[in-house]
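Given two chains presented individually in distinct reference frames, assemble the corresponding complex, making use of the accompanying hints.
If you read the sequences in order, they're chains Z and E. Residue numbering for the first sequence follows the working numbering, beginning at 7 and increasing consecutively. Residue numbering for the second sequence follows the working numbering, beginning at 411 and increasing consecutively.
If you're looking for bench data, these hints aren't it; they were derived computationally from the structure. Values in this document were obtained by computation on a predicted structure and should not be read as measured data. Beta carbons are placed, not taken as given, at the ideal position from N, Cα and C, and that holds for glycine. A few of these clues could be false.
Derived DSS-like pairs (lysine-lysine); straight-line CA-CA distance at most 27 Å [to be verified]:
1. Lys631/E - Lys580/E
2. Lys564/E - Lys179/Z
3. Lys564/E - Lys71/Z
Derived coverage of chain E by chain Z (criterion: at least 3 residues anywhere in the stretch with Cβ under 8 Å from a Cβ of chain Z; other residues may be distant) [unchecked claim]:
4. 467-480
5. 519-528
If we take Cβ atoms under 10 Å as the criterion, some of the chain Z residues that face chain E in the derived model are [what the hints assert, rightly or not]:
6. Met152
7. Gln371
8. Asp513
9. Gln517
10. Ile519
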Amino acid sequence: MHPVRNVVIVGGGTAGWLTAGVIAARHQGRIKAGTFSVTLIESPNVPIIGVGEGTWPTLRTTLEKMGVSETDLFRHCDAAFKQGAKFARWTTGAADDAYYHPLMLPQGFTQVNLAPHWLAGGKDQSFCDAVTPQGVLCDDGLAPKMITTPEYQAVANYAYHLDAGKFAPFLQKHCTAKLGVCHIQADVQTVNQLENGDIKSVTTQQAGEIAGDLFVDCTGFRSLLLGQALGVPFKDCNDVLFCDTALAMQVPYDTPDAPMASHTISTAHAAGWTWDIGLPTRRGTGYVYSSRHVSDEQAEETLRSYVGPAVRGLTPRKISIRSGHRETFWKNNCVAIGLAAGFLEPLESSAIVLIELSAKLIAEQMPANREVMDIIAARFNDVNHYRWGRIIDFLKLHYVLTQRPEKFWQDNLDPASVPARLQNLLHLWKYQPPWFFDEFDRIEEVFPAASYQYVLYGMGFRTEVAAAENEGTRSQAAGFLSEAMNLTRKLRAQLPRNRDLVKKIHDYGLQPI
Amino acid sequence: MTNITVLNSQDHRTLRVQPGASPRYGDDKRFVAVIVGEFPFVAVHYPILLTKDAQTGGFLVGAMLGFDEDENLFLDEKGMESYRPLNLQRGPFFTAGSDLAIDVDHPRIGGGELLFTEAGEPAPYLRRMMSLFRDLVPGSDTTRAFIEIIIRLKLVEPIDITASFDDGGKRTLTDLYTINQEALRALPDAAAIDLFRKGYLQLIYLMIGSLKQIPVLAQKKNRRLLAATASLGA
Numbered sequence: 007m008h009p010v011r012n013v014v015i016v017g018g019g020t021a022g023w024l025t026a027g028v029i030a031a032r033h034q035g036r037i038k039a040g041t042f043s044v045t046l047i048e049s050p051n052v053p054i055i056g057v058g059e060g061t062w063p064t065l066r067t068t069l070e071k072m073g074v075s076e077t078d079l080f081r082h083c084d085a086a087f088k089q090g091a092k093f094a095r096w097t098t099g100a101a102d103d104a105y106y107h108p109l110m111l112p113q114g115f116t117q118v119n120l121a122p123h124w125l126a127g128g129k130d131q132s133f134c135d136a137v138t139p140q141g142v143l144c145d146d147g148l149a150p151k152m153i154t155t156p157e158y159q160a161v162a163n164y165a166y167h168l169d170a171g172k173f174a175p176f177l178q179k180h181c182t183a184k185l186g187v188c189h190i191q192a193d194v195q196t197v198n199q200l201e202n203g204d205i206k207s208v209t210t211q212q213a214g215e216i217a218g219d220l221f222v223d224c225t226g227f228r229s230l231l232l233g234q235a236l237g238v239p240f241k242d243c244n245d246v247l248f249c250d251t252a253l254a255m256q257v258p259y260d261t262p263d264a265p266m267a268s269h270t271i272s273t274a275h276a277a278g279w280t281w282d283i284g285l286p287t288r289r290g291t292g293y294v295y296s297s298r299h300v301s302d303e304q305a306e307e308t309l310r311s312y313v314g315p316a317v318r319g320l321t322p323r324k325i326s327i328r329s330g331h332r333e334t335f336w337k338n339n340c341v342a343i344g345l346a347a348g349f350l351e352p353l354e355s356s357a358i359v360l361i362e363l364s365a366k367l368i369a370e371q372m373p374a375n376r377e378v379m380d381i382i383a384a385r386f387n388d389v390n391h392y393r394w395g396r397i398i399d400f401l402k403l404h405y406v407l408t409q410r411p412e413k414f415w416q417d418n419l420d421p422a423s424v425p426a427r428l429q430n431l432l433h434l435w436k437y438q439p440p441w442f443f444d445e446f447d448r449i450e451e452v453f454p455a456a457s458y459q460y461v462l463y464g465m466g467f468r469t470e471v472a473a474a475e476n477e478g479t480r481s482q483a484a485g486f487l488s489e490a491m492n493l494t495r496k497l498r499a500q501l502p503r504n505r506d507l508v509k510k511i512h513d514y515g516l517q518p519i
Numbered sequence: 411m412t413n414i415t416v417l418n419s420q421d422h423r424t425l426r427v428q429p430g431a432s433p434r435y436g437d438d439k440r441f442v443a444v445i446v447g448e449f450p451f452v453a454v455h456y457p458i459l460l461t462k463d464a465q466t467g468g469f470l471v472g473a474m475l476g477f478d479e480d481e482n483l484f485l486d487e488k489g490m491e492s493y494r495p496l497n498l499q500r501g502p503f504f505t506a507g508s509d510l511a512i513d514v515d516h517p518r519i520g521g522g523e524l525l526f527t528e529a530g531e532p533a534p535y536l537r538r539m540m541s542l543f544r545d546l547v548p549g550s551d552t553t554r555a556f557i558e559i560i561i562r563l564k565l566v567e568p569i570d571i572t573a574s575f576d577d578g579g580k581r582t583l584t585d586l587y588t589i590n591q592e593a594l595r596a597l598p599d600a601a602a603i604d605l606f607r608k609g610y611l612q613l614i615y616l617m618i619g620s621l622k623q624i625p626v627l628a629q630k631k632n633r634r635l636l637a638a639t640a641s642l643g644a
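Next up, chain E with everything else stripped away, as it sits in the complex (with noise of 0.2 Å):
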């Protein structure tokens, strides 16, 4: 369960949190979302998707991290191999209006590093995160802003991921989505500008981009796989 809570230095004077990236603060999500501000990070080590909010319909667009439920393929006990969207970073912040709030029920809670200096002053851990708020928040309704976009000029399409597995498994991904290249090429000149202008082309070539990122995913995954087999085996 949640317990939000908006953060102040008198009740959390104490509180303790844990920074690090581990499956038991539950970063071993299949998907995150990303601003684009992360997209040139992201684009190198994940493939960069779009897929649905389940509760609203809504797109949101993230980085792929895995083909299970709750597989991060790039999470172990020591953390995270490779960049960390800032999603997975915030912990068990989140904002209300202009505060930072924060749920003191999140796993993470307990242990770690400390949130107020004894002053009473935010410590640099908190610091961080204030830092991180600032990216993203605007960087969020930026995000919502290109996709927007591209759903109006019809640049995205359902993408079926299918990956066969050395252990004889299949697995067939269907709630993704991504940029319709056809569609791109046969944009008007004025809307293929104006994505320009605004910086929204180099988003879109880096989520196409991203796309070589999924035989990579499957591989790692397949190795894991045969890692576990061996281990059994043996």
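Chain Z extracted, bound-state conformation (with noise of 0.2 Å):
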């Protein structure tokens, strides 16, 4: 029997010590026994990417479960709080067209649907409005929580903006002197393998040669283990996803203290979105287009007359995209997290989240030597294409429902392009509002039923209700929806304004219970 006693990650960045940390603080009882370890070898000369500046609820798990203070993600990370997004002309492209992807499931949802009820209302409030209250609170430029709820916890749930560049030093820094995990710095020049395929160490040109029992990739866009090594081919999705291109820019506010949204604003424009992300110090913005559809000098044009006249003097910076992911993504013994997994495109924040993700799974199923090992692959890629497919299906389900005529959103309503799981999904939901019972029920489902609720009736989806047939549930529902409208008003009345609420955790901190 082979023990699997040494994992070795190569690659920092916000993949590699999100999952340094997760393994170690799992694992912490046998790292301080002196049997097991974490180590992280990190280029000195690669710099990180650091443009995932959005994240989700799950993050505040994550951290926690880490023994991060939420305190110090705020005032080392230049954190803000995310609770949701808001979808800007993405339907029809007029000034007045937006609606929201919050992050509070709609009230009462484990018991009742309020779709069907909201659809055969009035309808004279948005579905998100009528169901949450999490898009008012966003609209009111209100923070979820107040100064005395406790770090992690929520009173209208939230993820978190940060800034990408701090993040990964920031958990490096917790990671080394808090959970035991080794950092070296060195250049992986070869990666050393067995007659089987498996990884037994690699050579560094600094620290010379590191052995291993599991290695990670967390090498990026390279894929240097995994792609490279072991030679796992990438899938291409952009067939489904036409976005290739991004262009990002940091602007800063014109006062200290101006207003900053709590929520993403993503505007759709004519060959892709703008992110607009804000952060205490400055906003993060970015054009995401199909470089197929419109030149760079245009993007350009669309990103700068977006951003405004705070504009000037900034120069944006150009990322390629290449949507897709690993054909497999743990062989032999090595897997694959982050870019090196693969990246589809900035919409919805799915990137950290599958880290976050893909960490836990391999913490808690750690496999105990190598000849279990593959039991734990295989079951590790059955949910990772799983989840993958389903985000791409999430992402590609906010590009079907348009009226734009642009070519670049007419093209993405070619039913070539559309998965056949999502089109079969499309056409059962005409006749029945999504819930529970589609197929959005594993344990950690990335996006619930909820989130397509959210995209579908924000984009004026129709789905055909008998009135008829809401009878069995009608009482309950009007209970659920009229419970929505107290806590609208209740918590617009209690929370303090999400700037002001930053600004009191870097001046006197969250308390821990």
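Right under this line is the structure:
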């Protein structure tokens, strides 16, 4: 038997350090006893990509389990609250065309599906505003909690916007100081394999040969271990998701206390969409587009006119996106996480949540020895194929309900570009709204049925609902709808302004309980 | 509104302050912060609990005096019936650095005790206040240090207080915290000895013991409610 005792992660950045932290936190007992180790090899010469600034609420649990203080996260990573995303101009392109995908589930979601009741009703309110307070909280610029709410606890569900360039060093410090992760700064020159293809060790320029039992490839788009050494091919998804280029730009605020949105603002344009993320010290903005549909110059013009007068003197940074993922994520004793596993596009911030979920699966299911590793690898691959597939479906959903006339948008409507599973669901959803029986029932589903509801009904999708069918749950649904209204009123009166709370966290900190 | 200014014998020579406790002077507080030096006096009358400062989220330790906002069950027109915490005795006075300051718009101003003698020397009442602040200022620092340690050792847990009254009313207080006794028992020896040597262990047990005042407080409120109902009936 070949026990798995030494995990070697190649690559720093968000993926590497989150993975190191999640695995090390889960196996603290063995690390302290000296029977298990987590080593992270990071090149002192390769810069991290660091544009991922949007996260999912899962990050709260992930960081809490790692023993990170939320107050420190706010203070050291320029972090702010994210309560979801506002999608502007995705449906018709008109100035008042907008909907929210909030992070709170519709009220009473596990007990009754409010969608058919909303559909049958007068619809004098948007779906989001009828079923949850969160869209209104975002409109009002309110924070999702109070200064008296303990760390990681929410009044309204939330994730973070953060400075990815500060996040990785922040995690590094925590992992090495508190969790016993061994940090080696060296460039990997060769990957040394056994006859069966397993990675035996990596040879580095500065630190010699480093052996391990399980290797985690966090080397970014290069995929040095899984892609290059083990030869796992890359599967393109650009036939479904057309965006292949991003122009990113950091925009200063007019004044230090300018209002700060507590949601990501995603605005559709002729050949893609812009993100707009409010951090305490600046906005992170960018245009993600299809280079087949627009030139870089025109794209830059679009971004500049979106940003407005604050754009003077700023130069965008260009990032190429190869939309897709590895055909297999775990092969032999090597598993890829983060950009090394793949990347789709920044829409809906799926990158960091995938890192967390993958790291957690590895940490929880850490194979005891090499002999059982293939069983875990098969499980990991199965789960990840499912996740990537569902994320592709969900991202594509944002593009297939549009009425925008531009070629980029019309091309997105081509059935040949829509995955079969999504086509089936869209067909089904004409006659019944999504809920629990639509297969979004995995324990760690990235986007639950509620997310599909917010996008579908936010974009004016029609589901035929017979009023008589609602009879059985009518009074229960009415109860939850009025609960949502009362909660909206209560939270509007109670919650502070987003920027004010972030400032208070800097000044006073949040309490651990 | 408040209008706080540094106290001096020129401007405030003829100022008079009402020293007594009364709802008219804002003493009708549900919760009043206390310093650790007061714990032995407080614990025999009131529950000693923690709550959070609404402005900073920071923890305060203090005496619970009632169930409703602005309800001090120990206060009537004649004053406080039992121990009067320093923060209720201090009246309109504050500190500004090492100086004593006064809120000249405080409801206690006008009538009552003179602050200065004709010669401009502090009068007996002001001397009592000066002495009070000599306890309160360093006491607040010690109290902050005590709170920091019990939070760091994870000895604090929320306590939900629910009380039902004979008039059919019910109160649930969710913003209060107390000592987690299980966590206290699980402390490593070194930490326990450190708490003991610092004198903090005794404070912790006073807090635990004072929880027995909660039902007493509820009975007191119940009697008030019944008396009010009875007088309405008559």
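Hints and how they fare:
no. : hint                : verdict
1   : Lys631/E - Lys580/E : 11 Å, holds
2   : Lys564/E - Lys179/Z : 23 Å, holds
3   : Lys564/E - Lys71/Z  : 16 Å, holds
4   : 467-480             : holds (count 3)
5   : 519-528             : violated (count 0)
6   : Met152              : 8 Å, holds
7   : Gln371              : 30 Å, violated
8   : Asp513              : 8 Å, holds
9   : Gln517              : 6 Å, holds
10  : Ile519              : 6 Å, holds
Checked against the numbered hints above, the structure breaks hints 5 and 7 and satisfies the rest.
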